[in-house]
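Residue numbers (my numbering), protein chains in the order written: chain H, 261 to 654; chain U, 261 to 654; chain R, 2 to 380; chain S, 2 to 380.
Hints were generated in silico from the structure; no laboratory data involved. Honestly, I wouldn't trust all of these hints.
List time: in silico EDC-like cross-link candidates among lysine to aspartate or glutamate, alpha-carbon distance up to 16 Å [said to hold, decoys possible]:
| # | chain 1 | residue 1 | chain 2 | residue 2 |
| --- | --- | --- | --- | --- |
| 1 | S | K296 | H | D559 |
| 2 | U | K464 | S | D346 |
| 3 | R | K296 | U | E560 |
| 4 | H | K646 | S | D287 |
| 5 | R | K296 | U | D559 |
| 6 | H | K464 | R | E347 |
| 7 | S | K296 | H | E583 |
| 8 | H | K650 | S | D263 |
| 9 | U | K650 | R | D287 |
| 10 | H | K445 | R | D272 |
| 11 | U | K445 | S | D222 |
| 12 | U | K464 | S | D272 |
| 13 | H | K646 | S | D263 |
| 14 | H | K650 | S | D287 |
| 15 | U | K568 | R | E293 |
Heads up, incomplete: computed chain R residues facing chain U, CB under 8 Å, no partners named [to be verified]:
| # | residue |
| --- | --- |
| 16 | L265 |
| 17 | A285 |
| 18 | S376 |
Positions of the beta carbon are idealized from the N, C-alpha and C atoms, including for glycine.
Each chain, letter by letter, is given below.
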Amino acid sequence: MGELESFRNEVRDWLKASVPESLYGRPLTMMAREEPEAADLQADRKRYLERMVERGYTAPTWPKQYGGGGLTPPQAKVLQEELGRLRVPPALMGMGLTMIGPTLLVHGNDEQKEKYLPKIVTGEHRWCQGFSEPNAGSDLASLRTSAKLDDSGERYVINGQKIWTSGAQYSNWIFMLVRTDETTKHQGITFILLPMDTPGIEVKPIRLISGNSPFCEVFFTDVVADVKDVVGGVNQGWTVAKTLLNFERSGMGGGGPQRRPGATTGGGLVALAKEAVGERDGRIADTRTRDRLASLQLDELAYSLTLKRSAQTRKAGGAPGPEISMFKLYQSELGQRRDELAMALRGTDGLAVDENEVGPARAWLSAKATTIYGGSSEIQRNIIAKRVLKLPIN
Amino acid sequence: MGELESFRNEVRDWLKASVPESLYGRPLTMMAREEPEAADLQADRKRYLERMVERGYTAPTWPKQYGGGGLTPPQAKVLQEELGRLRVPPALMGMGLTMIGPTLLVHGNDEQKEKYLPKIVTGEHRWCQGFSEPNAGSDLASLRTSAKLDDSGERYVINGQKIWTSGAQYSNWIFMLVRTDETTKHQGITFILLPMDTPGIEVKPIRLISGNSPFCEVFFTDVVADVKDVVGGVNQGWTVAKTLLNFERSGMGGGGPQRRPGATTGGGLVALAKEAVGERDGRIADTRTRDRLASLQLDELAYSLTLKRSAQTRKAGGAPGPEISMFKLYQSELGQRRDELAMALRGTDGLAVDENEVGPARAWLSAKATTIYGGSSEIQRNIIAKRVLKLPIN
Amino acid sequence: MALTLNGEQQLLRDSARNFVSTHAPVSHLRSLRDRNDDRGYSPVLWEQMVELGWAGIAIPESYGGAGLGLLELGLVMEECGRTLAPTPLLSTVLLAGNAVLEAGSEAQKSALLPAVCEGNKVMALAFEERSRFAPYQVACKAEARGTGFRLSGRKTFVLDGHIADTLVVTARTQGEVGDRDGISLFLVDPKQAGVKIERTTTLDSRNAAQCSFEAVDVPGDALLGELHQGADVLDRVLDRATVCLSAEMLGLVSQTYDVTLDYLKTRVQFDARIGSFQALQHRAVDMFCELELCKSLVLEALTAADEGRDDATMLASAVKARLTDASRWITRQAVQLHGGIGMTDEHDIGLYLKRGAATEQTLGDSAYHLDRFASLRGF
Amino acid sequence: MALTLNGEQQLLRDSARNFVSTHAPVSHLRSLRDRNDDRGYSPVLWEQMVELGWAGIAIPESYGGAGLGLLELGLVMEECGRTLAPTPLLSTVLLAGNAVLEAGSEAQKSALLPAVCEGNKVMALAFEERSRFAPYQVACKAEARGTGFRLSGRKTFVLDGHIADTLVVTARTQGEVGDRDGISLFLVDPKQAGVKIERTTTLDSRNAAQCSFEAVDVPGDALLGELHQGADVLDRVLDRATVCLSAEMLGLVSQTYDVTLDYLKTRVQFDARIGSFQALQHRAVDMFCELELCKSLVLEALTAADEGRDDATMLASAVKARLTDASRWITRQAVQLHGGIGMTDEHDIGLYLKRGAATEQTLGDSAYHLDRFASLRGF
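Build out the structure end to end from the sequences listed, making use of the hints.
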């Protein structure tokens, strides 16, 4: 038996012993509407998290010294597969694990890694992202929220406004970009961390067209931050941000088709189509619908093979490069096509909305954001044109 | 009876008496390959032309003093309809009637109008267009062919090269754009006329991917032109050219679906589709093909209605405005779609080529030029963005 | 076959535009939505529209209307589309009202149409039973019973059904589900025993009801038009309603485009107005061209319907297929081009997206109409 | 299920690329065309390719081949696609040769395959009778006659048919036109009485023949594989040929893209390289992404065929549908982006457009394969 196989057996046994059975087959609840859960289920979730944390399995590939699992990428994949087999939700999710943690591993100093990573792993710190501003969307580097060093030279005073801060209302820490030099654009940006309970921070949820409010505006009035919490050096924030954005896009595009509440999955579409237009000889009765679905499935197949090929080609351990833009672009547009098709197949039934549930109409509306946030499709195309195709700049 | 109706009767009688019956139902031969015609048919064509010229009907709306018919636009339409009823080809075609003539009526001085228009009307002058150059295609105004005034101040000496000169090998006059000021771009261009037999002009046909050679390169070496043949003033050529280009585009987009040799017409496509994929209950058996054809026909319907609406809305007598770009754009792309569909429906049969005939494959290849010449689709979109939508310039 | 408006028509359109932009701007729809308004439109505003003559534009003068054409009604619908102004024009006038006008006896017409013109009656046409438009798929039955009929069955997506004073219901009196023959139309009082109406809210903040009929007895004179021949009426009514709905969609899509073009001209990113970026310019141009084509088709389809031309049905399907595709493309593009702000409920563009999505499905989607267009063109 | 090449495969690809770019660049095709070459490929060059082992790459060592996989042959095809190098690989190896390998008796295989590997034999598969790919639509008949068969019928689009030394012909021995059952394969000598072969030139300057068989008597051992069961062979052969043709198309489309990207980086208009215009940049990006997807599908389909996986057939249709659409889009875009110069015969891009168009129709267009893909996925 190979090493990996014995690791698999070990993990399998451990999971069986450690994951409360009540969590088997539980769907994700992140991003879905908050609904009260039974107290015993909550307790089981907590127990599950504690056990995963003990073994470093909430951040399986991070070094053990920061509370990670110290697993190799193939081992981490085994862990993920075994969790998938039990159909249990991840014990912990969020931007700490997927974005700021990996970025600190690249750009953080030892002190920062020691201070922050272990608290991400346990879920104590819940992070949100302060990047976009009302006039700095696609053109992120035009951001204006200012950080001025006070007389002591040890503190920044921050003033300004952020927008599209995902989950700000549930977070206790924020990583953000601030302007520390007004005389230059990209070279005047600094990446800094601070607690959300710092005086002067005000959070206001934004209601979206879907009716949900996953994003917030965050206002900063004379907010004081510690210079020790600058990551990657003063005026070096753009470099740090680019690393982080690639981790973000890789999360958006790298994970294969994502489950969104209310969205119709691939197999569900076939059933929906057969129901909507009928069957003939076991096939969708109408060529038009069949073609639309086939062309979507073909795209999904080609996309997932390309993800796989890219993973095999990419050098192990490296941060994702600009080609990740292609995945972000493709995955978001595929998802929207799937939702459009699902809406079309549901006909007038799909138009009904119910205040209390996340139906297909809401899922369709929510998905419209996927080609905008994390760098719009237009921005991704610009990035690929410039950095991958090396096309000239005007 | 209205005036127009009595005019119609008069025209109908006159045409019946004047058009040789041998020409009834004759297709266009312009643009098709030259094949020798019987001598008596040639004589009939000549007779027909002479009679049309006598009444000014080769240029129906031009003033009588220049050999035109002096007709109002509604009368000209009646003439066209009556010619259409007999299915006789136009007595005369070409850039003289459609492009340089109308342009001279706007920008020419009296002397020029008197000298050139009557010879266009009779067909004595056959014009070609010297606009594009190898490095001035979409960016026409970057042209380099130079015209320098000689010491007498009465002659220009022209040096340079033109390309994509349609029918240069059959023309005896050329209207062209030359650079008379190197220090500025659009303001340094002059519009000038000269005979093709002027010493120093060399014509070289260009073989296209379709195998045809409708275009030429034209080389100019110390070619002498008369300053009197400048149209619209020295360094004013860009203004004149814009007028002319709109007449050109209006010819490309304004005339409804154009017949091209070898191309499959609308009705032909339905028959082709029924043959290719079979019929069921009198309909094209396959929904996919039906949809493609229906969507093409719907576009053609919407396009022709829009042409009609535009004609009704446009003020009488005015030169066409930038909205004509839309028609050029749409017509060329529609035509290509039709050809692509025809190719697809013909399957492997459509791939065969025969040296001696203009089959569908050649027609398909020829049509690829329509979205390039006369300002590519990209240029038309730029024009609409700027002049119609008034979008900002970078 | 003019594709331009005459002076009176221009005047009507300008006055409609003026009225809706003053009295029924998008904020009007928004306030109805936010207070969960049960009717889905404002009776006060509707009264004013009725005073302007909108309810009776295309109804003959003998029944209290203005006796004008569908073109005029279409112009009003287009303007309502521009501000998403909710009215019962589609349900009451174009669907149920036209069914009465097309098929009704003198008595039925006299009883109902003047009330429609005066804005005193809301009507609804209950004809759909499936989630995809299929007007002959009628399983709802009407059995002769004495001098009257007994109705049983279910209807779905009945626009304004929950507030209708009178329903026009399609029911099968003969043949099988799917047959064109054997459908009949009945006038039904929704307050009658056995009628159950359940409102659903649609994502465009309008209403469509689920109706069920359990052994509902109606008198013989509730029959609207000839027995078994209801499909003829239905076809004419649906064609006309489809063309006017397309006119509304034209208004919606035009406004979406205008707002987006304006945003492209003002929003600054990368130190430039984003409308100077060529990729966005070309997209805007393609939308502009598409809208020009849509305008021509809407005018032609309205005119053909008014002139009773042979190609009116073909044009009805052509225009609905086209506007549906245009709406799908342009409203989605508009949200994308607005970026983050377009995703917020605060911005109007999302309301256009939602109303667009609803109209795309209403009275047949583009696949249905493109297929019908092909069929009417002989392939 | 690796989607990357191992060292040997990379070496093979590099050597193929090197060979075709040196010995069979586009100018080679051009010169064959301009002198109306009857064979459509250069025997001298083919001999060199044979020496490199290309003819026998995927043929077992026991018949003189290298015993490698379809992946290796696909890599060679891809490189040939890059320079439009004409070879009889498709006709002789992938179609007719594979039919012999799949279905032949030991005697048939020993008689034919070594000659194929040595480049001494051109073969062609005569199986199409319609202008649209439909391999079961076989009307051509073979009637038992004594110990042999008598063939009558017509075939179309027989690639390299006019120069084939041996034809593999599908004929109906049972059932009706369109039936999958009842098709048999026969080896036919084209010089035999009753066989008429007429060359047609295709727009990509290659050849496809019309063949007719008038009472052609063949002996019993001309039967290739089992009687009536030819469709099984045909399916496997066509799937494998389709995947390799798709690999060739990938080479063609990749080169088209490379040339176009290069043009965008060098052509100056409006005082800027045209590749700096955003609308063209975004189009180039979309082409780049599409090609990445195509590459993955080609590798996967070749691998699946080599591994004899269950999804190999589904992937064959997936890859042909995809490459056909990619070719249609990218070659058309390439001509458009080249502007006037792209319309001239002097520029190579037109040759890519033409070869693209031919491959799009060969072995089934995207409509055919998309439908088959759906069917194999259970809808």
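Verification of the supplied hints:
Our distance criterion of 16 Å between C-alpha atoms is met by K296/S and D559/H, whose separation comes to about 13 Å. At most 16 Å may separate the alpha-carbon atoms for a hinted pair to count; K464/U and D346/S meet this at roughly 14 Å. A threshold of 16 Å between alpha carbons decides the hint, and for K296/R with E560/U the separation of about 14 Å falls inside it, so the pair holds. Between K646/H and D287/S, the direct Cα distance comes to roughly 13 Å. Compliance with the 16 Å bound is thereby established for this hinted pair.
The suggested pairing of K296/R with D559/U holds, with an alpha-carbon distance near 13 Å, which does not exceed 16 Å. Of the supplied pair hints, the one linking K464/H and E347/R holds, its CA atoms being roughly 14 Å apart against a limit of 16 Å. The suggested pairing of K296/S with E583/H holds, with an alpha-carbon distance near 15 Å, which does not exceed 16 Å. Only pairs whose Cα atoms come within 16 Å are accepted, and K650/H paired with D263/S is accepted, the gap being roughly 10 Å.
A C-alpha spacing of about 14 Å is found between K650/U and D287/R, which places the hinted pair at or below 16 Å, so the restraint holds. With a C-alpha separation of about 11 Å, the suggested pairing of K445/H with D272/R holds against the 16 Å cut-off. Taken as a hint, the K445/U and D222/S pair is broken in the structure, with Cα atoms around 78 Å apart against an allowance of 16 Å. A hinted pair counts as satisfied when its Cα atoms are at most 16 Å apart, and K464/U with D272/S does not qualify at roughly 28 Å.
With a C-alpha separation of about 14 Å, the suggested pair K646/H and D263/S falls inside the 16 Å cut-off, and the hint holds. Of the pairs offered as hints, the one joining K650/H and D287/S holds, with about 14 Å between alpha carbons and a cut-off of 16 Å not exceeded. A threshold of 16 Å between alpha carbons decides the hint, and for K568/U with E293/R the separation of about 12 Å falls inside it, so the pair holds. Annotation: L265/R was flagged as interfacial toward chain U, and the flag holds, the nearest CB pair being 6 Å apart, inside 8 Å.
The closest approach between the C-beta of A285/R and any C-beta of chain U is roughly 6 Å, which is under the 8 Å cut-off, so the hint is satisfied. Proximity of S376/R to chain U holds as hinted, the smallest CB-CB distance being about 6 Å (cut-off 8 Å).
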